[in-house]
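With the sequences and hints as input, model every part of the structure.
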Amino acid sequence: MEFQERLRSQMEFGYKKTHQSTIIILQSEIRNRQSAIINPQSSIRNHHSAIANPKSAIRNPQSEIYN
Numbered sequence: 047m048e049f050q051e052r053l054r055s056q057m058e059f060g061y062k063k064t065h066q067s068t069i070i071i072l073q074s075e076i077r078n079r080q081s082a083i084i085n086p087q088s089s090i091r092n093h094h095s096a097i098a099n100p101k102s103a104i105r106n107p108q109s110e111i112y113n
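Anchor point for the sequence shown: position 8 equals 54 in the working numbering, and the numbering is continuous, going up by one each time.
What the hints contain is simulated information worked out from the structure, not anything from laboratory work.
Quick caveat, the model's predicted, so the values are computed rather than measured.
Some hints here could point you the wrong way.
[What the hints assert, rightly or not] Pairwise CB distance ranges, derived in the manner of DEER restraints:
1) Arg-54 with Ala-82: 30 to 36 Å
2) Ala-82 with Met-47: 51 to 57 Å
3) Phe-49 with Ala-82: 46 to 52 Å
[As the list claims (entries may be wrong)] List time: in silico SDA-like cross-link candidates among lysine to any residue, alpha-carbon distance up to 20 Å:
4) Lys-63 with Gln-73
5) Lys-63 with Glu-75
6) Lys-63 with Leu-53
7) Lys-62 with Leu-72
8) Lys-63 with Arg-79
9) Lys-62 with Gln-73
10) Lys-63 with Arg-52
11) Lys-62 with Asn-78
12) Lys-62 with Ser-74
13) Lys-63 with Glu-51
14) Lys-62 with Glu-51
15) Lys-62 with Gln-50
C-beta: ideal position from N, C-alpha, C; glycine also.
Here it is as structure tokens:
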């Protein structure tokens, strides 16, 4: 009987922990979606910044000539 009680309490504790972690994950997803709704351009802007200025990664050979 004592074993069954311990097992049941451990299962309840495990369920509560799993439930809490699920709630935390859902809350973070909600926050991410809300921030995407508030600022939809932020992820697009970050993605396109490298595309918009590809020459920034290329060295300027003209400046090396004068050095």
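Comparing the hints with the structure gives:
Between Arg-54 and Ala-82, the C-beta spacing of about 42 Å breaks the proposed range 30 to 36 Å. Take Ala-82 and Met-47: their Cβ atoms lie about 53 Å apart, and the range 51 to 57 Å holds. A hinted range of 46 to 52 Å for the beta carbons of Phe-49 and Ala-82 is consistent with their spacing of about 49 Å. For a cut-off of 20 Å, the pair hint linking Lys-63 to Gln-73 stands: about 15 Å separates their Cα positions.
Under the criterion of a C-alpha separation no larger than 20 Å, the hint pairing Lys-63 with Glu-75 is consistent with the structure, at around 18 Å. Our distance criterion of 20 Å between C-alpha atoms is met by Lys-63 and Leu-53, whose separation comes to about 15 Å. Distance restraint check for Lys-62 and Leu-72: the Cα-Cα separation of roughly 15 Å lies within the 20 Å cut-off, and the hinted pair is therefore satisfied. For the hint pairing Lys-63 with Arg-79, the CA-to-CA distance comes to about 24 Å; that exceeds 20 Å, so the pair is violated.
Restraint check for Lys-62 and Gln-73: the C-alpha separation of about 16 Å stays at or below 20 Å, so the hint holds. Of the pairs offered as hints, the one joining Lys-63 and Arg-52 holds, with about 16 Å between alpha carbons and a cut-off of 20 Å not exceeded. Between the alpha carbons of Lys-62 and Asn-78 the distance comes to roughly 24 Å, so the proposed pair goes past 20 Å and is violated. The suggested pairing of Lys-62 with Ser-74 holds, with an alpha-carbon distance near 18 Å, which does not exceed 20 Å.
In summary, the hint linking Lys-63 to Glu-51 is supported, as the alpha carbons are separated by about 18 Å, within the 20 Å threshold. For the hint linking Lys-62 to Glu-51, the alpha-carbon distance of about 16 Å falls within 20 Å, and the restraint holds. Of the pairs offered as hints, the one joining Lys-62 and Gln-50 holds, with about 18 Å between alpha carbons and a cut-off of 20 Å not exceeded.
Consistency with the previously given hints fails for numbers 1, 8, 11, ordered from lowest to highest.
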